[in-house]
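**Q** These protein sequence lines map, in sequence, to chains A and B. FYI, in my numbering the residues of the first sequence are 1 to 226. FYI, in my numbering the residues of the second sequence are 1 to 226.
Don't read these hints as lab results, they were simulated from the structure. All of these numbers come straight from a predicted model, not from anything done at the bench. Using N, Cα and C, we set each Cβ at its ideal position, and we do this for glycine too. There's no promise every hint is true.
Simulated coverage check for chain A against chain B, where a stretch passes if three residues somewhere in it have a Cβ under 8 angstroms from a Cβ of chain B [stated by the list, open to error]:
no., stretch
1, 55-67
2, 190-199
Derived list of chain A stretches under chain B, where covered just means 3 residues or more per stretch with a C-beta under 8 angstroms from a C-beta of chain B [as the list claims (entries may be wrong)]:
no., stretch
3, 3-11
4, 154-162
2 protein chains.
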Amino acid sequence: MKIAVLGTGTVGRALAGKLAELGHQVTIGTRDVAATLARTEPDGMGGPPFRDWHAANPHIDLAAYAEAAADADLVVNATHGAGSIEALEAAGRDDLAGVLVMDVANPLDFSAGMPPSLFVCNTDSLGEQIQRRFPDAHVVKTLNTMSASVMIDPGRVGGGDHSVFVSGDNTEAKRRVAELLTAMGHTDVIDLGDITTARGPEMYLPLWLRLFGALGMPLLNIKVVR
Amino acid sequence: MKIAVLGTGTVGRALAGKLAELGHQVTIGTRDVAATLARTEPDGMGGPPFRDWHAANPHIDLAAYAEAAADADLVVNATHGAGSIEALEAAGRDDLAGVLVMDVANPLDFSAGMPPSLFVCNTDSLGEQIQRRFPDAHVVKTLNTMSASVMIDPGRVGGGDHSVFVSGDNTEAKRRVAELLTAMGHTDVIDLGDITTARGPEMYLPLWLRLFGALGMPLLNIKVVR
Chain A
1 MKIAVLGTGT VGRALAGKLA ELGHQVTIGT RDVAATLART EPDGMGGPPF
51 RDWHAANPHI DLAAYAEAAA DADLVVNATH GAGSIEALEA AGRDDLAGVL
101 VMDVANPLDF SAGMPPSLFV CNTDSLGEQI QRRFPDAHVV KTLNTMSASV
151 MIDPGRVGGG DHSVFVSGDN TEAKRRVAEL LTAMGHTDVI DLGDITTARG
201 PEMYLPLWLR LFGALGMPLL NIKVVR
Chain B
1 MKIAVLGTGT VGRALAGKLA ELGHQVTIGT RDVAATLART EPDGMGGPPF
51 RDWHAANPHI DLAAYAEAAA DADLVVNATH GAGSIEALEA AGRDDLAGVL
101 VMDVANPLDF SAGMPPSLFV CNTDSLGEQI QRRFPDAHVV KTLNTMSASV
151 MIDPGRVGGG DHSVFVSGDN TEAKRRVAEL LTAMGHTDVI DLGDITTARG
201 PEMYLPLWLR LFGALGMPLL NIKVVR
């Protein structure tokens, strides 16, 4: 499948690498290719600059949002939550009509320091905002409840015995995403329902952030025991 | 230990029964004893009226909030979130100075229908509101992340292999609550930190509500796998 991963940060890199490893043709989308490749300082999470990662992963293309998404079967939103709509608008051929959009972003608001709060929650969610802005896209919220390393290698935590959620209005889109999650090693994919259910996993983030703080590491996930 | 459980609903009854079974002297607190005993209709969750439950559990006293809490070593807030501060004010000898308050309530807002949203979240929590109103009480947020039946009988779900959280400013208060949780059968008590961390487990509720909806039953809990 041709996949555009929007976002050059930790999550975008991790997903792009994993999806390429699974045999997909992956292009990473960014706002400004030249600017992305020109940066020499560590990224926001302290990781190496993108150009170093790109040099080590030459099989993964880098392109502007629109070019990356031009003929993609799947668009992955791995941008910062605050920039997601803008990135998708830049990527958005025909307003993403009929396109499968896997949204893994969180609506994090760092304006009041750490831990961040959410810029949308409770009666709305980032997943819903994206679906409303692109009403003909098939938006599926998933994977936002864990760190990038756990997203792409669930076996690193508890032998992989933990849960991942999907929320979306389109059943076939959720089935395709679940298939991808299974290929990535996830063993317990829970369909929460329509896109409004994205409020649940997005509002879980504040608990995840406290667990990260209390346990001192991000290699964790939750298993829904039932 | 002398325990006052504020609230006559499903959660209050369950906790009162379990704590009495563990050998504690339990009094259930209510706003108006006569009115509580006069009700003959099912309670808000469709359970039997309180007086039927009370007749079957005569070893558990019923008293007005202030009387129930008068010499209690522990006050359990099992009232509706929207009525919690008022109930604690009614119970509040010396503004609950030095009293251990175990807060298991959720700030649920049913005004826009089901599933409920939260009336406080993101940058504040019910646990913090209670602690601010009663600055000398030792407030510990816990157990709000599961249904009453799982609170008091964790073994009913996955053999009890799942997690419960405590948030509070006072270490000794959290230790006492953790001891109680362990006595109730909980095996994985995670100390999230100070009372501001109550935002995490309270904001988890919207996910719990969607899991309840998707799985069709409330006999579930999360295990923090790490």
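**Q** Can you confirm whether chain B covers the stretch 55-67 of chain A, using C-beta to C-beta distances below 8 angstroms and requiring at least three such residues?
**A** violated (count 0)
**Q** So is the stretch 190-199 of chain A in contact with chain B by the C-beta rule, three or more residues under 8 angstroms, or is the coverage claim wrong?
**A** holds (count 6)
**Q** Check whether three or more residues of the stretch 3-11 of chain A sit with their beta carbon closer than 8 angstroms to a beta carbon of chain B.
**A** With 0 residues close enough to chain B, the hint is violated.
**Q** Apply the coverage criterion to the stretch 154-162 of chain A and chain B: a residue qualifies when its Cβ sits closer than 8 angstroms to a Cβ of the chain, and three qualifying residues are needed.
**A** Our answer is that it holds, as 4 residues pass the Cβ test (under 8 angstroms) against chain B, meeting three.
Hint check: violations occur at hints 1, 3; the rest are consistent with the structure.
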